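So for the sequence shown, the working numbering puts the first residue at 1; every next one is plus one.
Hint data in this document are derived by calculation from the structure and do not stem from the laboratory.
What you are looking at is a predicted structure, and each value in this text was computed from that prediction instead of being measured.
It cannot be assumed that every hint is accurate.
Restricting the straight-line Cα-Cα distance to at most 20 Å, the calculated cross-link-like pairs of lysine to any residue (SDA-like) are [to be verified]:
{"#": "1", "residue 1": "Lys-602", "residue 2": "Ala-549"}
{"#": "2", "residue 1": "Lys-260", "residue 2": "Ala-276"}
{"#": "3", "residue 1": "Lys-597", "residue 2": "Ala-618"}
Restraint-style ranges between C-beta atoms, simulated for each label pair [said to hold, decoys possible]:
{"#": "4", "residue 1": "Glu-575", "residue 2": "Ala-297", "range": "53 to 63 Å"}
{"#": "5", "residue 1": "Arg-391", "residue 2": "Lys-244", "range": "37 to 47 Å"}
{"#": "6", "residue 1": "Asp-263", "residue 2": "Glu-573", "range": "48 to 58 Å"}
{"#": "7", "residue 1": "Asp-542", "residue 2": "Asp-279", "range": "34 to 44 Å"}
{"#": "8", "residue 1": "Gly-552", "residue 2": "Glu-274", "range": "33 to 43 Å"}
{"#": "9", "residue 1": "His-70", "residue 2": "Asp-165", "range": "17 to 27 Å"}
{"#": "10", "residue 1": "Glu-573", "residue 2": "Asn-295", "range": "44 to 54 Å"}
{"#": "11", "residue 1": "Glu-274", "residue 2": "Ser-81", "range": "40 to 50 Å"}
A virtual CB, placed ideally from N, CA and C, is assigned to each residue, including glycine.
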Amino acid sequence: MAVAESSRTDRGLLREGGPIVVGIGASAGGLEALQHFFDNLPADTGMAFVVVQHLSPDFKSLMDELLARHTKLPIHLVEDSMLVEAGHVYLIPPKKEMIISGGRLLLTERDRQQELSLPIDVFFRSLAQDCGPRAIAIVLSGSGSDGSRGICDVHEAGGLVLVQDMETAQFGGMPRTANEAGVADWIVPPQQMPKILADHVAANAAQPPPVRASRARDTTSSAALDDVYRMLEQEFGIDFTHYKPSTVTRRIERRLQLAKVDDIQQYVERLRGERAELDVLYRDLLIGVTRFFRNEAAFEVLEQRVLPELLKQCATGRPLRVWVAGCATGEEAYSLAILLHELTANLTDRSFQIFATDVHRGSIELAARAFYPEASLANVSPERRDRYFIRSGASYQLVPELRQSIVFAAHNVIKDAPFTRVDLVSCRNMLIYLQPPVQQKVLNQFHFALNRGGIMFLGPSESHGGLIKDFETVDLHWRVYRKHSDVRTPVDPRLRPRIAETQLQGVAPNNSPFARYSMSSLLATYDVLLEDYMPPSLLVNDRGELVHAFGGASRFLKPRDGRQGLGILDQVEEELKLVLAGGLRRALASKTAIAFKNLRVKSNGEEVVHDVTLRRVAARNSEVPHILISFEPLPG
């Protein structure tokens with residue numbers, strides 16, 4: 001799209017006191033919703049309204065005449081480079097796509113050859129970029145999924161998102177997919193939206209940007225914010241003190257405004273009394289903006305220069321291992337799977353395996369379902385869409401062949417131990433939200449995870465931090481780095497043991513009887529069962545690394561100073577170390593259990609007699625074995 005140059009004055013007008021711009025997306029059934037909206041809209045809102053509707057290219061639009069009966073605001077059919085002013089309504093003309101840049105509306109011809117046209121998403125994304133927190137996006141009645149991606153950008157920029165409720169929408173496709181995006185601040189009938197907008201404007205007028213910034217600083221230093229952090233960690237297990245304060249306070253300020261609460265202490269009281277509000281804040285802090293083949297040029301670098309070389313380096317019969325950290329709802333993981341499937345299609349001795357992880361369990365569950373709105377496929381070519389997606393109503397589902405190549409699992413990259421023997425780590429646009437010491441900690445984990453020659457793929461605003469000597473740059477613009485050191489950077493020994501890859505079954509499909517249970521409740525139940533019924537046991541992988549401790553077996557591990565690896569032999573006392581050194585090798589090669597009777601084993605510093613059994617275990621769908629070391633105390 002050709003974008004005309006805009007003046008610094010125009011951009012400043014919009015950013016620093018210009019009108020709040022309301023983008024309204026509508027399609028089938030949208031006229032009635034628009035009429036209800038403007039019937040209830042006062043004339044002195046101080047806002048500008050830009051209506052983007054799906055219009056037939058073959059018929060003259062009468063939208064301006066029809067809306068004029070429902071509002072006194074001046075209505076304009078947009079012309080290229082038209083300046084946006086408060087108190088005016090702007091309508092997209094037929095056969096056009098439109099963006100806002102520097103406070104002006106810029107038009108381009110719609111490509112008639114393009115199979116998928118998403119003018120609402122196109123405008124919302126530009127609105128988020130140009131207006132930031134002064135952007136408002138509204139999705140009204142319509143079929144399809146246009147707008148569901150763009151509202152994520154508006155939300156990420158700190159703007160407001162309103163969606164028409166399904167009960168009043170003539171066509172529910174657009175409202176439903178917008179709601180499923182998880183970023184809507186309000187889901188209400190169109191006639192209620194003007195009151196919400198008026199309250200939003202009043203709140204902004206009462207707290208101009210300098211005042212809000214000052215209050216954010218007060219919030220950051222208050223004990224009440226510590227209470228918010230504590231409640232979030234207790235409920236969801238995530239320590240948001242690792243995130244940049246500006247990110248957290250901006251989100252909390254936004255929730256204060258939407259909840260109509262005057263100060264942080266009142267908000268803390270609301271969080272204590274309303275579990276739903278705590279959940280909304282949690283989702284607001286974690287929501288990830290992603291899409292298939294985001295930054296297409298970056299994926300071209302992977303496709304042409306990176307992945308073919310990695311596949312050549314893989315030993316025959318060994319799968320290429322990929323870890324997508326912070327995968328959100330899975331689009332990036334599936335994008336990589338598509339590239340790798342294409343590259344290995346004619347290579348009978350090459351395969352790949354992708355582990356996609358995220359701390360937000362709701363996102364993991366959505367990723368595992370592999371259903372996406374049509375708007376998500378904007379960067380997917382028609383050929384790939386036909387090959388890898390199955391249409392299901394207004395959505396598309398990944399073909400089972402591709403879905404089965406990815407294991408999705410909940411994983412906290414800050415607290416949990418990293419994967420190992422990885423060829424490619426992809427973590428894009430997550431590090432920028434973390435404080436520098438935590439960024440470095442995560443980068444150390446990626447370095448530890450990668451094989452020599454492995455690739456680290458970051459977001460365009462991120463870098464390899466203090467590991468400049470350990471990585472060479474493959475592509476600076478798209479932040480593609482290759483590990484050339486064969487020394488693993490030590491990771492924090494306090495990290496929680498990583499669940500073994502052979503145990504990662506991902507999230508149950510939506511049609512599974514388990515889908516009605518939350519993953520967190522199932523895991524909590526499993527933990528209780530293991531503690532109550534499992535004898536004290538240690539699970540180690542085929543490399544002798546500790547994976548999990550059950551039934552209080554951590555009492556058999558010794559505390560050590562200095563650097564600590566994951567190897568079980570480094571973590572047990574000498575008496576047990578001698579037994580395990582040979583026992584582990586025997587157990588790996590044997591189909592029967594290896595038992596050691598009447599061993600004196602130190603438990604919490606005291607010698608206790610135990611029978612110790614080593615048993616080889618392997619998941620049915622994997623050839624990679626593990627060893628279960630069980631301790632049975634003897635009487636007396």
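Structure-based check of all given hints:
1. Lys-602 <-> Ala-549: With Cα atoms ~16 Å apart, Lys-602 and Ala-549 stay inside 20 Å; holds.
2. Lys-260 <-> Ala-276: Between Lys-260 and Ala-276 the Cα gap is close to 16 Å, so the pair holds against 20 Å.
3. Lys-597 <-> Ala-618: This hinted pair is violated, its Cα atoms lying about 24 Å apart.
4. Glu-575 <-> Ala-297: 53 to 63 Å: Hint holds: Cβ distance 59 Å, inside 53 to 63 Å.
5. Arg-391 <-> Lys-244: 37 to 47 Å: holds, 41 Å
6. Asp-263 <-> Glu-573: 48 to 58 Å: Holds, at about 55 Å.
7. Asp-542 <-> Asp-279: 34 to 44 Å: holds, 40 Å
8. Gly-552 <-> Glu-274: 33 to 43 Å: Once the Cβ atoms are compared, 37 Å apart, the range 33 to 43 Å for Glu-274 and Gly-552 holds.
9. His-70 <-> Asp-165: 17 to 27 Å: With a Cβ separation near 20 Å, His-70 and Asp-165 satisfy 17 to 27 Å, so the hint holds.
10. Glu-573 <-> Asn-295: 44 to 54 Å: With a Cβ separation near 52 Å, Glu-573 and Asn-295 satisfy 44 to 54 Å, so the hint holds.
11. Glu-274 <-> Ser-81: 40 to 50 Å: Holds, at about 47 Å.
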